[in-house]
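Participant: Sequence:
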Amino acid sequence: MAIFERKIDLIERNRRGFIDLFWPSVLLVEQKSAGKDLFKAQGQALDYVLGLNDRDLPKYVLTCDFQRFRLLELETRREIAFTLPHLHKHVEAFAFMLGVQRRHYGTQAAVNIKAAELLGTIHDALEEKNYRGTDLERLMVRLLFCLFADDTGIFDTKDDFLYLIEERTDADGSNVGRVLNELFEVLDTPEDRRVVGLDPEFAKFPYVNGKLFTGHLRTPVFDAQMRDDLIAAAKFDWGKVSPAIFGSLFQSVMDKAERRKKGAHYTTEPNIRKVIGPLFLDDLRAELDRLKARRDGGRRAALLAFQERLGALEFFDPACGCGNFLVVTYRELRAMEQELLEQVYDVNSPLLLEVEALSVVRLAQFHGIELDEFAAHIAEVAMWMTEHLANIELGRVYGKVFADIPLTDSAHVVHGDALEIEWEDVLPHDRCFAVMGNPPFVGAKFQSAEQRAQVRDLARLGGSGGTLDFVAAWFIKAGAYVAGGPTRIAFVATNSITQGEQVAQLWPILFERYGLEISFAHRTFAWGSDARGKAHVHVVIVGLAHRDHEPQEKRLFSYDSINGEPDETRHAALTAYLFSAETSRHLTVREESLPINGAPRLVVGSKPVDGGYLIFTPEELSSALEAAPCVRNFVRPFIGAKEFLNGGERFIIVAQSGEPGDLRSCAPIAERIKKVRAWRMGQISQKDSKTGEDRAGASALALAQFPTSYHVTVVPSQPYLVVPENGSETREYVPAGWLAPPIVPSSLVRIANDASIWHFGIVVSRMHMAWLTHIGGRLKSDPRYSIGLVYNTFPWPDATDAQRAEVERLAQGVLDARAEWPTASLADLYDPDTMPASLRTAHAALDLAVDRLYRPRAKGAPFASDRERVEHLFGLYEALVNPMAQEAAKQNRRVSRKVARTKKEAEA
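If you count the sequence shown from 1, position 281 lands on 281 in full-length UniProt numbering, and the numbers rise without skipping.
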């Protein structure tokens, strides 16, 4: 409440002053006589501000001499000045007195995180006091509503809730829970049914309804610190916070294990726009702009018809979480509607007496499914709050601020499992305009048995059931849901569904079973989150439409940097790998057991399955040799990806063909072989509880009677090409190289015994890297070199003897450039920040020569990007696996060019 003549100690001047009017946390007024210097008055007011407690600092300072006004917003330093006759033109600037302010949305990261942390602190403290479960979740949702209502005009006077906690609860916090429960009861009771003689501090709160405050909660126990935290939360300006951040609040009170278990990744507003923009918002915006630009007599009727269309669109998020997608979509439709209304109605029109009736966009147009009951409640509350803010903005323009309570209309959010619920029961598909959202990201290896069964039941792949991520289930179910209709689909997903082995499993279902096509896509980018413990994942966004309703142009958003902004291109068709379809858009790359390209065979290195007993560290080997020099006869260097890339040594016993007597007489070797046998015998053959597949125990048991043997034995007798299994997302090239006997390769590298420097040159080229990064799978965000999916399917170039000799010369140049740095590891040499200039130059020359094998000078400029390279390779791959389709595609292109030529000649 405002205080007149508030005493204040002036710190810098060591004296006391009096603030003419002080409204704690809101406004400080310094009033002067007519004609006085307002700049000097403002300085005096700012001196008063310095003497205030942080908790009471105002947001605005007003200086006035009855004729002139200067209003300063302290946070932004924005200031307006005007005279009394022009006060009516600036009355909006004082809307903060009613808890009303203009909304500006963006990332709002600092504000959003602060808001979420404030409530997260209260949640954690209550949980520590054993206040848990549904009561805790419902309490947090109610508090969230009260804090927001206190700052945005839902409650009659700003800071009513803050005042209630400050003035009607004890400093030790002991009665905070009882006061909150009494308040909740009041908010759930219509004014005409409240008890007579109700305390005025409770009676002034309005009836809210909407079932938000229905039902008794166990009384929470607060202490002094928790009361202070609640007061701090109430003093925070919740009017600055977008309701879309309430997902951040939800995630902020979840631990990491729960986030992984549920696959929860809170979506920031910019990322939501990446989905809903190309899905429908851009089209609606373009249509509105076109209608606004009309200058004929039908403009007004057309705009009102467009408004009716907005009020008829229904949206569905079948993994809605806390409602972020629904909130932002509703808000953007209301903003678009308001822009339209301002084109149609004059603010002085008598029709505007019923401002509340102007909007036809309703919460009931929005539908969702959410597994977590707490999140479902937050989604409903967030939608109510978004509606209120939109109503405030509507009333601000037309001069009537109103709060639409009691709550009646609401979004339709169903609490349940979206993969078990019939979506038709939530929203019939023929009413649904768009399906959208951010489904759970749980990978195949992390799924529960129930989740894995759900995916397999929907995919119906047969055999082992496939290795689809959990998110794939939403794509499949959405395909069945739209049933060939015009409903648009767009989901955020892990990039694993657009590369690696999952592509050939998922996309034929979408393309062939359900007739879907990709209408737009965002290629891999880094996922952003405003939440505490933010998730670090790389994602794609894929928009789909049935081919009977697909757009003519497909939009593709590509990122030079995964943390940067995308460049947009337009295409006739897109593949499941999210690049332009130069030939068949439905083609997927399938694993091959042998190279389909004439290349030498690539195999996995040795896999001992030994419990570690066949392997020596350098220190262990030194001790063993000192005790028994015979150890040297049975040990060789053992190199895996780690040693190959970073250096270091390990050694392995190679005794498969050793004389039994020699093995028995060499004590350190005999002892280790005995331990291998015992370890293998001790393994238990069992199924993995999550994947249903055999664990290592099964193979170990089978080998127990052959303790000198490996599970996979690869002991080369000649120099061999080496390719590490796992790469790094930062490397620009595959860091392949050469090793020679007596070195034994481990199963973490792939090797080719019959490779030449020609093969090395192609494998370390940018062309091959493009195939790996676009077609191969990934381990987290790092590319994984698969023999069956990457090497065996790669389209090798045709080359003359002279061209092969040139590539071999340039490949040797790469090896020579590496040799200039004998103490550097391959990891050092291929780090983009430390890569030597000579090595980079050698690779650039090799890249150009290899590119020319695929696109000679006569056929145009070299490839401008890896996406161009892989698009070209994809066409060559199709020719390898389906020569007849390739020839048909060529014939179609020839016919298309002839038709275009004929049409052009006719027009001429």
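Please keep in mind that the hints were generated in silico from the structure rather than gathered at the bench.
Worth double-checking, as some hints may not be accurate.
Computed cross-link-like contacts, DSBU-like style, restricted to lysine-lysine with a CA-CA straight-line distance of at most 35 Å [to be verified]:
no.	residue 1	residue 2
1	204	59
2	32	59
3	32	240
Participant: Can you name, in rising order, the numbers of the hints this structure does not satisfy?
Facilitator: none
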